[in-house]
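Participant: Using the sequences and the hints, build the whole thing.
Top to bottom, those sequences are chains P and C.
Residues in the first sequence are numbered consecutively from 1, following the numbering used here.
Residues in the second sequence are numbered consecutively from 1, following the numbering used here.
What the hints contain is simulated information worked out from the structure, not anything from laboratory work.
Relax, there's no trap hidden among the hints.
Pairs of lysine-lysine, BS3-like flavour, derived with a Cα cap of 25 Å:
1) 5(C) - 125(P)
2) 125(P) - 51(C)
3) 278(C) - 37(C)
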Amino acid sequence: MCTIYYTRMKELFGKYIREKRLLLQKEDKKFSLRQVAGRIAIEPSYLSKLERGKENYLSEEKITALANELDEDKDVLLALIGKVSIDIQEIIKKRPELFAQLIRELKNMPDTAVLRIVREVRDGKW
Amino acid sequence: MIELKNSTLVFSFPDIHPEARISIKFQRTLRIPDDEKTYPLPPGLGIFPLKHIDDYPVPEQWVEHGGVMMPMYQSEAMWIDFSTDYMIDHRTSYPFAIKIATGKINAVTGEPWDNTLNSNPQDYMVSTEQPWLDGYCIGNNVIRQFVAVPPASGYSAEEQLTGKAEHGGIQLIVYPMKKEIFYKKFPIIQRKSVINESGVRYSTSSDMLIAPGGKMEQEVFEDPFDFTDWDQNINSRCFVHIADSMVWRSITGENPPTVPFTAKEYNRHGFPWFKYYKDNSKSLPGSSILNKLKSVLQMGNDKGESPLPENTPVNQENVIIISKDQVREGHF
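Facilitator: What follows is the structure in structure tokens.
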């Protein structure tokens, strides 16, 4: 069960970044596999393996760099690879009960309802 | 709803349109000399940091007002920058009516604050016309720059007009265009292909107020739409408190921005000034109430004080003509 799950995640992550890179490459050749790999400082063969779902290890720093390259949200790429960014982990660790409860309560809410909990600037009496 | 993102107030109206959004920033700038000469537009020197007041030990009155706060040095100047997202499908950005006041004195008319839009005289600006506001609208194509002064000094627009420093701060309210009017005036245009695109509260003495400074060439434009196009049932408003930069660190634990350049220093380096060019737009005549206000220097002379540390007249040789969406920033 676990192996199937991780294989599936690797494939999803790989497919996602490959599709995005190829889309960008259509417009600009600087998004070739070799050039993107060069800019995020990994071997082209390793990026190729990631894209084909054969590998799934990439440090948060590299994922952030890849997200910037592909104009993607780093949290989305981290989630696809089964990770949560270190800054979010630190936030949760400070108030674990509160955030665990909050996340569980938000689990089945539609996106529109979740968006309503973003912090608004409070208006007062004036 | 209003969110605070990277020291920018983002007013959004997702119930009207997912891209009905306007960002408002407070730009640091040179204080132009207060010498009755009319100057071109000074540059943006980066934005003022903004913080939720709820996160810090601020005066009780600030808590009651809600909103955000920013630091300003005494006699520092600022301008307010409006930016909206271009909506490719509609070939425009979503139009908003924006009303601004300092110390609850309307910066376009000089009238006391109220929460509604008024058309006679027009007491608001329109986002599709107006990219920024640098001061009080005192005449056709002339404003007096927003300059920070200490409270109870008598210099602020609020004190000059009401005799007291009761409210302070900057007040903003934004109204979107009515949804049905927007779709009628700006229908979707089909595209052939997709384009890439500590528990201690600080007293009110930490306040700064806004007063009229030197004169600047700037138009406040007439509303090009019908007054009934604005959706007066929907609005978002925000109170922006101004903290003295000298106490900003005590309140927030963070350093305020460094002291800005003087106009003389800026000019010495040959950096640019700006003139805004907009074709086919009419501007408002300016407020007779605001025109009667004394500038910081005039008030200082009456009081026998020297409120402006550096006020040497400058000549601007490097003036750049810009139009909407062009950046108005100094190069450093």
